[in-house]
Amino acid sequence: MTNNDMFFDYLLRLGDNSLILGQRLAEWCGHAPMLEEDLALTNIGLDLLGQARMFLSYAGEVEGKGRDEDRLAYFRDTKDWRNLLLLEQPNGDFAATMARQFFFDSFQYLQFERLSKSSDERLAGIAAKSLKETTYHRRHSADWVIRLGDGTEESHEKMQSAIDAIWGYLPEMFDMDAVDEAMVAEGIGVDVSALRSHWDEYINGVLAEATLTRPENSWSVHGSREGKHSEHLGYILAEMQFLPRAYPDAKW
Amino acid sequence: MSNEIKNELPLYEVFIRSKNGLDHKHVGSLHASDPEMALTNARDVYTRRSEGVSIWVVKSTDIVASSPEDRGSFYEPAEDKLYRHPTFFELPDEVGHM
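Chains as they are written, first to last, in our numbering: chain W, 13 to 264; chain R, 124 to 221.
Careful: at least some of the hints might be erroneous.
[To be verified] Among chain W residues calculated to face chain R with C-beta under 8 Å, some are: (1) E48; (2) L51; (3) A52; (4) N55; (5) R151; (6) H152; (7) D155; (8) R159; (9) V196.
These are computed hints drawn from the structure, not numbers from a lab. Just so it is clear, CB atoms sit at the ideal spot from N, CA and C, and this is done for glycine as well.
Work out the full structure: start from the sequences and follow the hints.
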């Protein structure tokens, strides 16, 4: 891989994370426990979609093969996607959605905070703009983790089992491969492995306030950086990509 | 009242200030379990299109309101007291618009 290829791949990772989680949140539209939360989840989903557009547009330009944001979003198959496995996992119940959101928001907050100081000015700009949104996302999801964890017996139990169920998807966030290392060396990317202790400190505080138990690290799954995904991604793409693939260049 | 309605989350009234220097105005209400949730919900429901720079939320049950039956004793006595309006003064020309 040339450095340019690596930068392209790096931008895909950032954009795909936001896009796939945004798509998942959109599934809540009309189904959230109450109207106020319906709006909150779709607002957050749209924030993520906006981030994805900026990252993928930039990725297309870096690649230089004439692919724009839509081309990258709608005409790539599962093995070409670079989003974290965590983000393609099904929504489950509201507690499961909030647990996934909270752990990722806490990670993305740190990631964007560092990226906003990237030596690549455009990437730094996108990160700085997105960081404001993520700050709110994290506040929203952390509040829910605390509210459900420190709520009723039933809500506590649901939040605890949601956390236990996704715990093994979280270590992947802090993986470093050759692309990450090359980007860090150039001052463009973030050393995500170094974020781990900050992330731990933050989530431990929230879990304690929520009276929730931090699970043991007994299992973990990895693979998104090489395009190895769970079966769920295919279904997301089938729904998301159907229209542009059936009617290429359709306008709506 | 049915059980379903009783189990709803408490109602909060939302007040938004659209610009610095203006007053907070009542914009509507929403359901939330606690004040923090009311505030974030208000942000999501009522400020999506840059409507505000400041939000107040107040539990609806904390608002003390006059009732329609009070109309007679509250407002009607003021109707025949025209002298309370400052309309009997001659304004000097130098004052201009007031």
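Which earlier hints can't be squared with this structure?
9
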